[in-house]
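Protein chains in written order, with our numbering: chain A, 1 to 264; chain B, 1 to 264; chain C, 1 to 264.
Hints were generated in silico from the structure; no laboratory data involved.
In silico SDA-like cross-links for lysine to any residue, where the CA-CA straight-line distance does not exceed 20 Å: (1) C:K230 with B:M231; (2) C:K99 with B:S57; (3) A:K230 with C:M231; (4) A:K12 with B:G234; (5) B:K188 with A:S250; (6) A:K46 with B:K99; (7) B:K188 with A:S14; (8) A:K107 with C:D47; (9) B:K227 with C:M231; (10) A:K69 with B:K69; (11) B:K99 with A:V41; (12) A:K46 with B:D72; (13) C:K69 with A:E68; (14) A:K113 with A:Q129; (15) B:K99 with A:I76.
Label pairs and their computed distance ranges (CB to CB): (16) B:G180 with A:K156: 56 to 62 Å; (17) B:A184 with C:N248: 31 to 37 Å; (18) A:T110 with C:E68: 29 to 35 Å; (19) B:S250 with A:E111: 55 to 61 Å; (20) A:K156 with C:L84: 34 to 40 Å; (21) A:K156 with C:D72: 33 to 39 Å; (22) A:N248 with B:S250: 26 to 32 Å.
Quick reminder that beta carbons are idealized off the backbone N, C-alpha and C, glycines included.
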Amino acid sequence: MNNINILEEIRKQSPLVHNITNYVVMNNTANALLSIGASPVMAHSKDEVEDIVSISSSLVINMGTLSEKWIDSMIIAGKKAKLLGKPIVFDPVGVGASKYRTETAEKIITEVKPDVIRGNASEIMALAQLSTITKGVDSTARSFEAVDGALHLSKKLNNTIIVSGAVDYIVTKEKVTKVGNGSALMSKVTGMGCTATSIVGACIAVDKDLHNAAVSAMVFMGLAGEKAEKMSDGPGSFQVKFLDALHNLSADDPEEKTKVNEES
Amino acid sequence: MNNINILEEIRKQSPLVHNITNYVVMNNTANALLSIGASPVMAHSKDEVEDIVSISSSLVINMGTLSEKWIDSMIIAGKKAKLLGKPIVFDPVGVGASKYRTETAEKIITEVKPDVIRGNASEIMALAQLSTITKGVDSTARSFEAVDGALHLSKKLNNTIIVSGAVDYIVTKEKVTKVGNGSALMSKVTGMGCTATSIVGACIAVDKDLHNAAVSAMVFMGLAGEKAEKMSDGPGSFQVKFLDALHNLSADDPEEKTKVNEES
Amino acid sequence: MNNINILEEIRKQSPLVHNITNYVVMNNTANALLSIGASPVMAHSKDEVEDIVSISSSLVINMGTLSEKWIDSMIIAGKKAKLLGKPIVFDPVGVGASKYRTETAEKIITEVKPDVIRGNASEIMALAQLSTITKGVDSTARSFEAVDGALHLSKKLNNTIIVSGAVDYIVTKEKVTKVGNGSALMSKVTGMGCTATSIVGACIAVDKDLHNAAVSAMVFMGLAGEKAEKMSDGPGSFQVKFLDALHNLSADDPEEKTKVNEES
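This is chain A alone, in the form it adopts within the complex (with noise of 0.2 Å):
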């Protein structure tokens, strides 16, 4: 499915995104996921993540502000929806910023095994740095240093990384594509990134390329940054103008004014 089709399919199915996720964006990931066409469904108590994941079409694993029963929940969640068949992805937020977050984000990974990862750069090469002693961790990292990283992951897991930036990187194996669009604006805003990984869950509900939906979900953060950008005097009236902008993309937008470039 191109952009246009994938936007359409949410519009039109209106999936159920559950999402266990953290408490700063849990407001702002469910109303992007309204404001796209897709349905929000937050949940993270072990006694009913099964029943919520069993009933949804993706499964949204974000673990900005951690605790123990949480991390309990999001790994039954994670083995529901795989044996289900439902895509995970799963967002390491501050991943290398204590033990505590890369021992659980290597749990996660290893025990639920998402089928897209999103971060930063320096979040993708703390993660490529578990699998590979090679790499060192560079918190200055900028996205493209991270692609090496993203490549060396996604071989290993089987899976679609995504490290998002200026430029997106989408690497899925040996391919790897480019997203350009966005605003400098949406790193002065709390949980665009947890955002982005939410609208990801949305896109890989309704397409089972993973790459492309992938792909698809960034080319929508970009086009509404860019077109909130030009409405707002800061990052107060950004957040409210992204959250419009995601509600009007038109069907044709998401073509005309997309930046994509295939590297591989």
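On the provided structure of chain A, position chains B and C as indicated by the hints.
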């Protein structure tokens, strides 16, 4: 009291409304309560909910992001509120979506005996099914289809049931009032239902006539939604304008533009 | 440093501010920190707060939505910050409203020894009562009535106390500075006090003169509030414009329009 009186009383008394609610909407519902003139307090530890409910004028219980300890606190706070004669409104978010939610809603209703319950059509039908095994749950339920369930529930529980949707139905035993105000954009913003429940909390804090207070709450929501829609470009700006509209609800508006019908 | 220097340092250093705060305001305070130029991190598990505080420049402890495990983490993080010489600001939200809150505030103050405490008049008077049984708590306390309590507390705790309100009082032992900037709409938006506390966290991260840093934080809040009010139709748009205003605080504004008076 009519709508104007209730609005004026909220602004005069600024009642403290104790919310035990979900992570997704805490910020929105606190802001909606402030915008209409009430004082929100969010507190959920079993170690303090009795103290907090004792200084509050009403209690809002919302089971959006459930977990074990929160349920315990909801029950403790609810029992204390009942003992002290403080009115309670309950929002059974997602009841029917998991066994856990269904059991929790039943437990809260049985142990706390909420004075008002507000849900969408599917939620109210799921609750009605709990008390009568003669009806199935229809996930595509529309408001008017759920009114039968609400009539049954209201008589059985001796309370007021709100079925919210494009048209809201407020049901107290044999009495049914319809509120036709509102905006389609309300379904594109997360937590508008939860916000309605909190506004009910503000209204029952100042008017002991529960049916009347519930009708006023839905009128305030609907009128603010209509105003906000006119000034919005999408769900992002709608949220912002909705809070402005609640804040600016003038004392005459709530009568002139209200679409209320008594059915029986 | 004067206000301009502090603002420039925040934007130059982009200090990492570790927040252990409440669910209601996490999103707002993270965005306020981003808007002024700092980097927020929200992390609360006892399994990682020591790691996170170690890489941060300051620590914000806010007890808005208290529960047991969070208190443990606040103490652990606070002790580690103290050990490492990282400045700590504490927001005793709602102290006095429940026995649990009062005991928790006392525990945190005793064990963590925060460098700055920010509260409204009632909260500061409740804290003052904890350390002197000669004064009663007045729930209708106004800022200037709480200054006596703040003077007492500051001397006893050897730190800086901020009493925020229509006029803010910053108190360090014998020194009292008043900040008169601000907007009445700030009291109609949830978490503006918590946001002030986080902005204090950004200022003390770049200026070791705690009194000075605290004054600057309240000036930034007040100036942004004044700008936002002029562009707002109510509390919804105020929130949005407030973040824009923090982002656009130009380097000269903070001196020209500041209403600061030294009292002693």
